[in-house]
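Chemist: Chains as they are written, first to last, in our numbering: chain A, 1 to 295; chain B, 1 to 279; chain C, 1 to 431.
Think of the hints as simulated: they come from the structure by calculation, not from any bench.
Where is the CB? At the ideal position from N, CA and C, for every residue including glycine.
Check each hint, because a few of them may be wrong.
A few chain C residues that face chain B, going by a derived Cβ cut-off under 7 Å, partial list only [what the hints assert, rightly or not]:
| no. | residue |
| --- | --- |
| 1 | E72 |
| 2 | D75 |
| 3 | A78 |
| 4 | K82 |
| 5 | T85 |
| 6 | A88 |
| 7 | T91 |
| 8 | A226 |
In case you want the letters, here they are:
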Amino acid sequence: MESGLKPLGKEKLWLWLMLTPTLIGLVFGIVGSILATLGLSFTHWDLLTPPRWAGLENYKVLFTDPKLIKALVNTITFSLLYVPAVVVASLAVAMLMNRKIKGLSIFRTIYFLPAVTSAVATAIVWNMIYGQDHGLLNWVLGRIGIAGVSWLSTKNVLSALIIVNVWGAIGEGMIIFLAGLTTIPKDYYEAATLDGANRRKQFWKITLPLITPSIFFQTLMSTINAFQAYDYIYMLTRRGQGDSTFPVMVYSIYRNAWTFFNYGGASAQAIELSLFVVALMAFYFWLEKRYVFYD
Amino acid sequence: MSAKRSKKILDLITYTLLILGAITMITPFLWMIATSFKLPADQYTHTLIPTNPTLQNFRELFKVDINFPRLFLNSTLISIMVVVGQLLTCAMAAFCFAVVKFKGRNLLFALLMVTMMFPAQVTLIPNFIIFKWLKLVGTSVPLWLPAFMGGAFGTFLLRQYFLSVPKELIDAARMDGASLFQIFWKIYMPLGKPALSALAIFVFKDAWNDLLHPLVYMPSVPNTTLTVGLAFFNQQLTFGGKFTVLMAGALISILPLVLVFFIAQKQFIEGISLSGIRH
Amino acid sequence: MKRTLIMVLLVLVLAFTACTAPAAPVQAPEQASTEKVKLTFSAWGAPEELAVWKEIVNDFQAKYPNITVNVEVGDWDAYWDKIKTQLAANTAPDIFAMDAPLYLDYQTRGVLLNLQPFVDANPDMMKDIYPQTLEAYKTADGYYGLPRDFNTIVLFYNKDMFDKAKVAYPTVDWTWDDLREAAKKLTLDTNGDGKIDQYGYTFDQWDMEPGWSEALWSYGGEIVNAERTKTLIGEPQAREAWQMLYDMVFKDKSCPDANQVAELGGDPFTAGRAAMNAMGHWAVPGYVGAGFQFDAAPMPKGPAGHATSVNSAGFVVAKTTKYPKESFEFIKYVLSPDAQGKLAKLGFAVPVLKSVAESDTFLKQEGSTLIQQVFLDSLEFAHMKPVFRGYDEWAAAVGDGLAPVWNGEAELNATLDEVVKAADAVLAKVK
Numbered sequence: 001m002e003s004g005l006k007p008l009g010k011e012k013l014w015l016w017l018m019l020t021p022t023l024i025g026l027v028f029g030i031v032g033s034i035l036a037t038l039g040l041s042f043t044h045w046d047l048l049t050p051p052r053w054a055g056l057e058n059y060k061v062l063f064t065d066p067k068l069i070k071a072l073v074n075t076i077t078f079s080l081l082y083v084p085a086v087v088v089a090s091l092a093v094a095m096l097m098n099r100k101i102k103g104l105s106i107f108r109t110i111y112f113l114p115a116v117t118s119a120v121a122t123a124i125v126w127n128m129i130y131g132q133d134h135g136l137l138n139w140v141l142g143r144i145g146i147a148g149v150s151w152l153s154t155k156n157v158l159s160a161l162i163i164v165n166v167w168g169a170i171g172e173g174m175i176i177f178l179a180g181l182t183t184i185p186k187d188y189y190e191a192a193t194l195d196g197a198n199r200r201k202q203f204w205k206i207t208l209p210l211i212t213p214s215i216f217f218q219t220l221m222s223t224i225n226a227f228q229a230y231d232y233i234y235m236l237t238r239r240g241q242g243d244s245t246f247p248v249m250v251y252s253i254y255r256n257a258w259t260f261f262n263y264g265g266a267s268a269q270a271i272e273l274s275l276f277v278v279a280l281m282a283f284y285f286w287l288e289k290r291y292v293f294y295d
Numbered sequence: 001m002s003a004k005r006s007k008k009i010l011d012l013i014t015y016t017l018l019i020l021g022a023i024t025m026i027t028p029f030l031w032m033i034a035t036s037f038k039l040p041a042d043q044y045t046h047t048l049i050p051t052n053p054t055l056q057n058f059r060e061l062f063k064v065d066i067n068f069p070r071l072f073l074n075s076t077l078i079s080i081m082v083v084v085g086q087l088l089t090c091a092m093a094a095f096c097f098a099v100v101k102f103k104g105r106n107l108l109f110a111l112l113m114v115t116m117m118f119p120a121q122v123t124l125i126p127n128f129i130i131f132k133w134l135k136l137v138g139t140s141v142p143l144w145l146p147a148f149m150g151g152a153f154g155t156f157l158l159r160q161y162f163l164s165v166p167k168e169l170i171d172a173a174r175m176d177g178a179s180l181f182q183i184f185w186k187i188y189m190p191l192g193k194p195a196l197s198a199l200a201i202f203v204f205k206d207a208w209n210d211l212l213h214p215l216v217y218m219p220s221v222p223n224t225t226l227t228v229g230l231a232f233f234n235q236q237l238t239f240g241g242k243f244t245v246l247m248a249g250a251l252i253s254i255l256p257l258v259l260v261f262f263i264a265q266k267q268f269i270e271g272i273s274l275s276g277i278r279h
Numbered sequence: 001m002k003r004t005l006i007m008v009l010l011v012l013v014l015a016f017t018a019c020t021a022p023a024a025p026v027q028a029p030e031q032a033s034t035e036k037v038k039l040t041f042s043a044w045g046a047p048e049e050l051a052v053w054k055e056i057v058n059d060f061q062a063k064y065p066n067i068t069v070n071v072e073v074g075d076w077d078a079y080w081d082k083i084k085t086q087l088a089a090n091t092a093p094d095i096f097a098m099d100a101p102l103y104l105d106y107q108t109r110g111v112l113l114n115l116q117p118f119v120d121a122n123p124d125m126m127k128d129i130y131p132q133t134l135e136a137y138k139t140a141d142g143y144y145g146l147p148r149d150f151n152t153i154v155l156f157y158n159k160d161m162f163d164k165a166k167v168a169y170p171t172v173d174w175t176w177d178d179l180r181e182a183a184k185k186l187t188l189d190t191n192g193d194g195k196i197d198q199y200g201y202t203f204d205q206w207d208m209e210p211g212w213s214e215a216l217w218s219y220g221g222e223i224v225n226a227e228r229t230k231t232l233i234g235e236p237q238a239r240e241a242w243q244m245l246y247d248m249v250f251k252d253k254s255c256p257d258a259n260q261v262a263e264l265g266g267d268p269f270t271a272g273r274a275a276m277n278a279m280g281h282w283a284v285p286g287y288v289g290a291g292f293q294f295d296a297a298p299m300p301k302g303p304a305g306h307a308t309s310v311n312s313a314g315f316v317v318a319k320t321t322k323y324p325k326e327s328f329e330f331i332k333y334v335l336s337p338d339a340q341g342k343l344a345k346l347g348f349a350v351p352v353l354k355s356v357a358e359s360d361t362f363l364k365q366e367g368s369t370l371i372q373q374v375f376l377d378s379l380e381f382a383h384m385k386p387v388f389r390g391y392d393e394w395a396a397a398v399g400d401g402l403a404p405v406w407n408g409e410a411e412l413n414a415t416l417d418e419v420v421k422a423a424d425a426v427l428a429k430v431k
């Protein structure tokens, strides 16, 4: 990855011009997001009165409050299941669509639709689908002879949430992978066929290596999305005024900041969340150096 | 097995899988569409075709005095601005990060990635205070101005794509005397069409569906976006058992996104065939 | 480095803006009436309410030509997010709506304007307001807010379902046992598929107001003590009430559990799946739209007699307002018979003015066969929904804590023990 373009003379100006908008955004992003959040995490702030110094109190609570620990555990569990599921599923779908078949644009639209809608509206539909007594899913299962389950009870809610979130994310992943698959020249496959390699060999030796950039991207983004997952989970697990049967980090952060007048605590949680994701990202980038092949 | 027969079997498997998957993907929507045409009394039935189809749900949406067309227009304009801002600034940054050698490149990129970590719920207040200080609260500016200052997701996506463009093209262009910017504009941007159209779709969708930011920056109906207007109905309808009207509202808010996808999709197809010819 | 300096500066500016206590403008009581005044009024509500607020605002502006009022109405969740953001950044609306239990969270944090001077200057205004509704807003140094309308919780029932099952309508003499009997008869599997499609009774399993506070009070129990230092929902009399509710859900199965409620969209009564519901007046427009015949009776008696919950929506003025006098004029106008009458016609709540509530404007509403008098009569035995600082967090400790019970996943008494402990911890924290 070390070859590239070296800016010559006056071009250095162009380089910095092109980077300026992003640099400005970085300053606002760093100040507005990171520094402010970090600063506030050391305070007790209820939004209405001036912040008071809290030292490390908000951080200490992260390790002792069972509610906060539960939120963290739920988030990690969810992510562990969600990321592989969505990456594999969207890659599979993209590969199925990367061939000359009739009705391709219709298929593409259908698979992309869930990604396009607001989680709030579709989550209500899923609530109806997952209903134990009157839900569509149990009704369908009943017709093929399988007993229905209470999908949103604490026993099964995780599976139900994974299904919905994967459903909502396949479309995006499919597009990323399709874009990536297009960069693999067709002649490679032709040459391989001529050499007598069958489809499975072609997949492992040509497709998979050359699509690692997309896999890397998709895995990283899915991880970030998994840790920040909120909309579907909230809409499907909310009980009454702001309670949830499967609390995740973002839900807990939101509740602390906006319902409990505890902005400092919420900021500490946000930092905790980011540290996890940063650690994972560092891990992914290390993997990138070893396993991802760019042209 | 002859090549032709194995292809036919593969096609069959492909079609079956795709169709089964498609049914799963689309069933919630079919139900959503069907419910929006059902009478409230029928809202729990499992039929896909309403027994008593009606337009009253849509009429009820428009009955309320919140000026839907104006909200629609606001959402559209803001979302378009956001797309333009992101496509331009992220592409420029992605090009620099992917292709150009300069000191501090990796550090800067890492910093950019870190900003993606923070959920909007927490960054909202610090950002709000900044915009209040700039006296921009109550306008749409906070909703699209940040889009012109780059973005981690877009830059990352485009960087990945740009990295897979063969470097020989740069060498060839340099030999033809092309400048830095020309290489960006004349080679990478056209080649980047599939990734750019993908980004456009994602960015538009996020801007269109955003509730939190228009809510705090533009709280007064009708000077606000469609999502805020629809959220108005949310409580009454979810807890009032009027799914039918909520579905009608959701349907209306989805339509532009589907339209955008159709349009952007075409770019996709071009991109795919272009790369085929290239090699 | 220059960039570090800029960042440090920006952070300092942020901290400075956040820390600056809002300067309380002390306006002279008299102001030149030719000055153009712009007020912002923010409230939560349904789209229909926006229309009526605009009417009220127009009437107000006609009376005070130099004042314009900008009305913002949003849904409940969004409203509080917005208000808190605005208060944090000192861009709060001049007048905004307040829910009584949350009032002290804002008042004790010094963001509200003390209305006592204005109240003292307008003694007649207060005379006609129901005293029970004013309770919640009284503090040691006066009123920082005033009620706008109120709700008492009553027992709504679906007349069609009662007629079909040939069960007698609820009366004022009903006890909880009577309700249980009727609920059992009204729980039916209407289409023979082995699953219950209609429940006899439903109540909110999280929020005490349309749910369980009435039951606890009618058994002689209490919610919190007067000093707000102890949670009392685990005391013996309260536990009897809890047991009664629990048995209805899990023994009689005449009441849906939490999962079943969610499946029915969160509101089984409006969805036409429950025969009885403990609820306030705010649900009436939704019931009217649902299309079935319904009416209301007082909440049933418990061993300690009749009890129900009274709560109000009110308004407060932001301390940072530039126009305290005009803001109060607006409040005064909304508390006048005209405006109260308009709000009453909306059907979301009961007017706080006795003269309006006891007049035909409220009692005989167009298109409604509902016995409105029930809401007024219930005031006799209504307990105030508790108001205290930290209410949201306390309610979450209780509601969240009890959720596994209503899911059928935890035992009632053991959970109550834990919940009381957790709730007390919150009370200790916010003191």
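Chemist: Decide, hint by hint, whether the structure agrees.
Modeler: Okay, the hints, checked on the actual structure:
no.: 1; hint: E72; verdict: 5 Å, holds
no.: 2; hint: D75; verdict: 5 Å, holds
no.: 3; hint: A78; verdict: 5 Å, holds
no.: 4; hint: K82; verdict: 5 Å, holds
no.: 5; hint: T85; verdict: 5 Å, holds
no.: 6; hint: A88; verdict: 6 Å, holds
no.: 7; hint: T91; verdict: 6 Å, holds
no.: 8; hint: A226; verdict: 33 Å, violated
Consistency with the previously given hints fails for number 8 only.
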